[in-house]
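Kindly produce the complete structure, drawing on both the sequences and the hints.
Chains X, C, W and A are the protein sequences, given in the same order.
One point on numbering: in the working numbering, the residue at position 48 of the first sequence is 48, and numbering is uninterrupted.
One point on numbering: in the working numbering, the residue at position 53 of the second sequence is 53, and numbering is uninterrupted.
One point on numbering: in the working numbering, the residue at position 218 of the third sequence is 218, and numbering is uninterrupted.
One point on numbering: in the working numbering, the residue at position 66 of the fourth sequence is 66, and numbering is uninterrupted.
For the record, the hints were derived by calculation from the structure and aren't laboratory data.
Don't take each hint at face value.
As the list claims (entries may be wrong) - Derived lysine to any residue pairs resembling SDA-like cross-links, with alpha carbons at most 20 Å apart:
{"#": "1", "chain 1": "C", "residue 1": "K195", "chain 2": "C", "residue 2": "A208"}
{"#": "2", "chain 1": "A", "residue 1": "K68", "chain 2": "X", "residue 2": "M128"}
{"#": "3", "chain 1": "A", "residue 1": "K123", "chain 2": "A", "residue 2": "M135"}
{"#": "4", "chain 1": "C", "residue 1": "K68", "chain 2": "W", "residue 2": "F125"}
{"#": "5", "chain 1": "W", "residue 1": "K123", "chain 2": "C", "residue 2": "H23"}
There are 4 protein chains.
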Amino acid sequence: MLPLPSADGKITAEQIRQYTAAHFADGNAEHIVQPGMVYLSQPTEVGTIYDKGELSAIWQVCQAFELKLYVDGARLGNSFAAEGANVFLPDLARMTSAFSIGGTKLGALFGEALVINDSALKKDFRYMIKQRGGMLAKGRLLGIQFETLFEDGLYDEIGRHAVKQAQRIAEGIQARGYQLFAQSPTNQVFAILPKELLKALSQEFGYAFWQAYDEQNDVVRFCTSWATPPEMVTALLDGIRKK
Amino acid sequence: MLPLPSADGKITAEQIRQYTAAHFADGNAEHIVQPGMVYLSQPTEVGTIYDKGELSAIWQVCQAFELKLYVDGARLGNSFAAEGANVFLPDLARMTSAFSIGGTKLGALFGEALVINDSALKKDFRYMIKQRGGMLAKGRLLGIQFETLFEDGLYDEIGRHAVKQAQRIAEGIQARGYQLFAQSPTNQVFAILPKELLKALSQEFGYAFWQAYDEQNDVVRFCTSWATPPEMVTALLDGIRKK
Amino acid sequence: MLPLPSADGKITAEQIRQYTAAHFADGNAEHIVQPGMVYLSQPTEVGTIYDKGELSAIWQVCQAFELKLYVDGARLGNSFAAEGANVFLPDLARMTSAFSIGGTKLGALFGEALVINDSALKKDFRYMIKQRGGMLAKGRLLGIQFETLFEDGLYDEIGRHAVKQAQRIAEGIQARGYQLFAQSPTNQVFAILPKELLKALSQEFGYAFWQAYDEQNDVVRFCTSWATPPEMVTALLDGIRKK
Amino acid sequence: MLPLPSADGKITAEQIRQYTAAHFADGNAEHIVQPGMVYLSQPTEVGTIYDKGELSAIWQVCQAFELKLYVDGARLGNSFAAEGANVFLPDLARMTSAFSIGGTKLGALFGEALVINDSALKKDFRYMIKQRGGMLAKGRLLGIQFETLFEDGLYDEIGRHAVKQAQRIAEGIQARGYQLFAQSPTNQVFAILPKELLKALSQEFGYAFWQAYDEQNDVVRFCTSWATPPEMVTALLDGIRKK
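Pasting the structure below:
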């Protein structure tokens, strides 16, 4: 793992170019872990999304340096539903070596679909599934879930619902005078809220502690999904009194 | 992997003792793979079962040589239902380092329960699940299946049904003048049948080719499960004309 | 690898304690790499050394959290010869799980001696050497070098010579009005020198670029060894004109 | 490891072809270890050698099935000196993916030279040396030995001497009425000798027990090298009285 620093959860083509060029220019390169693949998440860990220009620039750098490009789409459906989204399945198929379509976080019981675009990576892939302990005797369980998710636009619908509820939370929090910690157009909301208020909310609502902010406030994360009832969002916002 | 030869799918305490003693007596031992764990299947790959005396003898050898003993119970429920079976869960809990209780082959959608008896093996086990890619976000899917299998004797019932149907096949085949290839008291039947007959059966029934026997005959395997209707066994036997 | 930040190449008992305590207090610990061993270098990568109090404090934290403690002694002999050194072989034998005694950087052709103090780590160690491709057919080549290094104080003498020459460089550089970048009492000297001067020195002397300092100056590293002639140090200092 | 049976230490192109074809014809192939590389030793573990026709046939099968071919030449120099040898360095360079030239058993202190012919295997090779712990700080120690071995025919001379002394042993043993266990034209002699005689010889000569033969006799192996004095062979044969 060669982590690159990031303020908004995204890395840039220029960062990748600089890091990789510096690695191969270093006379001691063979003593150091070699960059071989770029790993992105769409959406990122803080809910932001790469746009088509960013992805395209990264893909070009990857090709220039013979790096593979992998996009982790554990929450992929939520990126499709984000306002301003312009990276969809055909773009990922064209501008990545491989990417995953997350099932677990988009309504499936379990499973991620892996799409391998780079034919050099396809050889012996099923042997690898077996070797790594990932081959299920009743693998149809995985297939049937994805077949269902991609019928009649269900996958998109699940993403749209989750994102819509998350954005209601984000707007409601701001309308009540509180600040967001990150600008996430997807199904995660990062908010700076008073500890006292959070304590009260925790009686009825689930959120994840993200980090301390200051003496009085913490940053917390709210996540929504296909299973978030709109009335629960209303109740949450009702629980947040105006500042 | 250090395979020991076996005629009936089982290995013996004496084989293990001899192999291990010979290994450590060899001055070149450190150049050779070291025996560290004994791996058995109950029932075995050819449907036979270890009895309590055999398991106990193996367990004693393992303790004498500080070998771990693992019993793979992918089809465990079928061993409990076999005629003459005298190794049950409490015996496995007492005389193994760890053993698995298979779900997939006993009616579950997927999953095996791993029972670790040796406390030295418990440390960091959940870290290992994560490291090896085996930790599910919705792990409750596994738990709920085993909870259900062990309510009201369901697990035993599934095994009993499968074994009963398999034994009907075994007896029917012999009654029609054909021979069994192995004596399996569980849910697998290994039979020597004419190729011509097999071809006809394959229109309606599934079996696995096991090995060639002679010019006219092959050895094939029939498996039964919770989902095998008794009338299908009847139909199969009806399809096998007397020799 | 879980790196801890350090200004002088050393980490502290308190850093280890805090990191480890925080890890195990985190409800998501099993999703995160677990601290299992503390890895130090003596001397460190920037030539500094741990004193007995620091090592003892680290050893106590390791025991409290059941962490192994490994000291990488690739340049160990140089730490023994440093001014103020009070950590010697008996201390390492008493306060580490394992440590190495470097041969390659102390005059040997190749090889490091590994001293394992923790008996739990000794089991099957020679099997591991073999498994990892480290077992030499003519292993006596390693043994004879260490036997020789530890006869008649040769190992200590090699360290003393290297450190003495390095300290002459350090003092000479300061006497000529230049600054050191790090305070290293061993055989490495980190100096801030004008690029122009460095260019001239590079005709006759070897040094390693360490990092850029400012427009006019770079940080470089000079290393000495058993093979550094005192007159070469004199020549180097003669080549550095007063500022 | 997928071992193929062999009577004389060699495997054949036909064995490889059959095994590989059967593997890929098996519908369950992805559950089974896949053949990816053929690994030969020249000379073999019992001192025999592949001739050019055999190597060529194996190389053709490897290409047909896209298998890599690796020849382990730990004792390579001895194969060059064998009577009837017709596989030399240019043949190995042309008909293998990679092969090694053993140093340790041909007079070097340590080290094997690896010759990679298949350019697909060259990428990142030095990174792999580092990753696997095989990169020496003073790697020139390896280079200088091979440079010396390949000057003025030294490598060949070492092999010729060893093989000549071994063949003297083989002929002498047969002349005294004893049988060889294997026909080895290289530097290893496998002889069937009376236990009583072996006991007497062991006072002055080193040999390796290979396997029991019958009540009175054992199979043992004598090895020769660059360091075997001809007079020691004479003394050995003097110690073997006529049958």
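Structure-based check of all given hints:
For the hint pairing K195/C with A208/C, the CA-to-CA distance comes to about 13 Å; that is within 20 Å, so the pair holds. Taking the CA atoms of K68/A and M128/X, the gap is near 19 Å; set against the 20 Å cutoff, the hint holds. Simply put, K123/A and M135/A have alpha-carbon atoms about 16 Å apart, close enough for the 20 Å limit, and the pair holds. Of the pairs offered as hints, the one joining K68/C and F125/W holds, with about 19 Å between alpha carbons and a cut-off of 20 Å not exceeded.
For the hint linking K123/W to H23/C, the alpha-carbon distance of about 16 Å falls within 20 Å, and the restraint holds.
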